[in-house]
Amino acid sequence: MIHSAEEFIALRDSDNKEEYDRSAFEEAPLAVWRDLIQRYPDYRRWVAHNKTVPVEILAELCNYGPDIRQFVATKRRLSRELFILLSQDPAATVRQSIAANKKTPLDILQSLAKDEDADIADSATRNAGKRSCGANGLLSARK
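Numbering (numbering that gives the first Met the number 0), first residue to last: 0 to 142.
Take the hints with a grain of salt, since some may be wrong.
[To be verified] Each computed BS3-like pair below joins lysine-lysine, with the alpha-carbon atoms no more than 27 Å apart: (1) Lys101 with Lys129; (2) Lys129 with Lys102; (3) Lys113 with Lys101; (4) Lys113 with Lys129; (5) Lys102 with Lys113; (6) Lys101 with Lys50; (7) Lys50 with Lys16; (8) Lys50 with Lys102; (9) Lys113 with Lys50.
By construction, these hints were calculated from the structure, which means they are not laboratory data. In this text, all values refer to a predicted model and were calculated from it rather than measured experimentally.
Based on the sequences and whatever the hints tell you, model everything.
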């Protein structure tokens, strides 16, 4: 368990692979994640990168710039509400990450298949097409 923001930063910046990996795989209390987000903006994306970060913290990270939201959009453990929020993001890079996310619900992919950005629409269509159901409906919905 990571016990402080400073410990997380030391692990993340370490040249030792075992320590570096701890920053990506170990849990931390909510207070530590919040402290990192508030006091160390340069580490927000690394908070999102952590495999154990709670959805509650991912939601808080959505209050920051498109580069941070894009990192959040790549996570597979998002709540439905976050998938919806990020699929409607003004930044195309964020919507693109949701369109490519393997866990994005099919109905959200259907909406993204109609995105004004052709790359996002194509990515959503391809992502849905890799799944066993719903691909035909998406392809016809795009036309």
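These are the hints, each one checked on the structure:
About 9 Å separates the Cα atoms of lysine 101 and lysine 129, which keeps this hinted pair within 27 Å; it holds. Between the alpha carbons of lysine 129 and lysine 102 the distance comes to roughly 12 Å, so the proposed pair stays at or under 27 Å and holds. Using a Cα cut-off of 27 Å, the hinted pair lysine 113 and lysine 101 holds, with the two alpha carbons roughly 18 Å apart. At most 27 Å may separate the alpha-carbon atoms for a hinted pair to count; lysine 113 and lysine 129 meet this at roughly 18 Å.
For the given pair, lysine 102 sits about 19 Å from lysine 113 by alpha-carbon distance, which is consistent with the 27 Å threshold. With a CA separation close to 16 Å, the supplied pair lysine 101 and lysine 50 stays within the 27 Å bound. Between lysine 50 and lysine 16 the CA atoms are separated by roughly 16 Å; this keeps the pair inside 27 Å, and the hint holds. Among the hinted pairs, lysine 50 with lysine 102 is consistent with the structure: their alpha-carbon atoms are about 15 Å apart, no more than 27 Å.
Distance check on the hinted pair: lysine 113 and lysine 50 sit about 31 Å apart at the alpha-carbon level, beyond 27 Å; violated.
In the structure shown, a violation is registered for the earlier hint numbered 9 alone.
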